[in-house]
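Let the sequences and hints guide you as you build the complete structure.
Protein chains: 2
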Amino acid sequence: MRDAEVVSFRKARLEDLRAILELLNDGKLGNVLERIEDPMPKVYTDAFAVLSADPNQLLLVGEIEGRIVATLQLTFIPGIAHQGAWRAQVEAVRVVRDLRGRRIGEAMMRHVVALARERNCALVQLTTNKARDDAQRFYRRLGFTASHEGMKLRLT
Amino acid sequence: MRDAEVVSFRKARLEDLRAILELLNDGKLGNVLERIEDPMPKVYTDAFAVLSADPNQLLLVGEIEGRIVATLQLTFIPGIAHQGAWRAQVEAVRVVRDLRGRRIGEAMMRHVVALARERNCALVQLTTNKARDDAQRFYRRLGFTASHEGMKLRLT
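From first to last, the protein sequence lines stand for chains P and A. All residue numbers in the first sequence are consecutive under our numbering, ending with 882. All residue numbers in the second sequence are consecutive under our numbering, ending with 882.
Calculated directly from the structure, the hints in this document are not laboratory data. Treat the hints with caution; some may be incorrect.
Which copy is meant is left open, because identical chains are indistinguishable; a pair holds if it fits in one copy or across any two.
What the hints assert, rightly or not - Cross-link-like lysine to any residue pairs, in silico, SDA-like; alpha carbons within 25 angstroms at most:
hint, residue 1, residue 2
1, 737, 879
2, 737, 836
3, 878, 848
4, 856, 791
5, 768, 846
6, 878, 730
7, 768, 752
8, 856, 728
9, 856, 775
10, 878, 736
11, 878, 827
12, 856, 781
13, 878, 829
14, 737, 840
15, 768, 812
16, 878, 862
17, 768, 742
18, 737, 809
Here it is, written out as structure tokens:
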């Protein structure tokens with residue numbers, strides 16, 4: 727069976743954190759590396775607790791036979807604009823290297839769109855580094871429009 | 727005195743909603759128009775209540791002598807990535823038409839950066855429609871980098 731058909735998506739659990747950090751470290755574009763250490767650094771368990779306690783945050787993992795193969799963070803953002811529309815925002819998307827090109831990312835994004843519809847979001851949005859041509863093509867194929875400039879100001 | 731020197735910024739109050747909607751409607755790029763009606767439509771008072779109750783949301787207004795002259799929405803987003811870094815995200819930025827070009831927007835964004843530092847955010851981020859050349863120049867001048875594509879998928 728195809729990987730995209732057997733992957734299941736669920737809210738991350740504390741014991742998934744190490745696998746999530748490994749996914750985050752693979753495919754970095756010169757950013758801060760995550761600290762994969764034992765015991766798990768407190769910055770991550772603290773961040774995990776904050777995400778878990780917030781009903782507008784969902785740290786998602788994709789799993790195949792007990793292996794974490796994909797992750798992303800979904801944030802539901804309320805707003806006044808567009809007649810009080812909610813937005814679903816996607817960050818930190820990763821698929822494990824040896825299973826790329828097998829539509830797991832696509833399955834995960836379709837799962838995100840379904841969750842966003844459940845929450846009555848008017849929009850799904852994300853930014854992707856301009857250096858990642860393949861990611862832009864991927865999101866366009868899923869119906870996203872590159873209508874905006876994604877602007878960042880680093881403070882640290 | 728220059729307008730940028732006399733504008734003060736604070737959390738929006740319910741009675742500011744009408745002025746905020748008027749600001750949102752001015753300068754739309756073919757998006758949904760806001761409903762400026764009396765009584766205030768429930769979608770907005772509901773949205774305002776959601777924002778007010780969430781410590782990670784700040785609906786900001788800029789005021790000069792009791793007049794609301796600018797607004798934006800700031801969202802503080804926790805995360806696992808970048809060693810548990812928080813992001814400050816800016817949406818729905820508007821300055822009243824007759825006071826544009828007087829550095830009120832700049833003062834408001836500097837206020838945002840200060841708030842983001844107070845909250846230990848690693849990054850301030852936003853997306854701006856590619857049709858708004860002037861907005862891109864504005865954010866670049868403030869130190870933002872247009873490093874990312876801002877991708878949107880409308881669900882409604």
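Hints, one by one, checked against the model:
no., hint, result
1, 737 <-> 879, "between (30 angstroms within a copy, 23 angstroms between copies)"
2, 737 <-> 836, "within (15 angstroms within a copy, 36 angstroms between copies)"
3, 878 <-> 848, "both (24 angstroms within a copy, 10 angstroms between copies)"
4, 856 <-> 791, "neither (34 angstroms within a copy, 43 angstroms between copies)"
5, 768 <-> 846, "between (34 angstroms within a copy, 16 angstroms between copies)"
6, 878 <-> 730, "between (33 angstroms within a copy, 23 angstroms between copies)"
7, 768 <-> 752, "within (21 angstroms within a copy, 46 angstroms between copies)"
8, 856 <-> 728, "neither (30 angstroms within a copy, 38 angstroms between copies)"
9, 856 <-> 775, "neither (32 angstroms within a copy, 37 angstroms between copies)"
10, 878 <-> 736, "between (30 angstroms within a copy, 24 angstroms between copies)"
11, 878 <-> 827, "between (29 angstroms within a copy, 23 angstroms between copies)"
12, 856 <-> 781, "neither (31 angstroms within a copy, 32 angstroms between copies)"
13, 878 <-> 829, "between (29 angstroms within a copy, 20 angstroms between copies)"
14, 737 <-> 840, "within (15 angstroms within a copy, 33 angstroms between copies)"
15, 768 <-> 812, "between (32 angstroms within a copy, 15 angstroms between copies)"
16, 878 <-> 862, "both (18 angstroms within a copy, 11 angstroms between copies)"
17, 768 <-> 742, "within (15 angstroms within a copy, 41 angstroms between copies)"
18, 737 <-> 809, "between (30 angstroms within a copy, 20 angstroms between copies)"
Hints 4, 8, 9 and 12, counting from the list given before, are not met by this structure.
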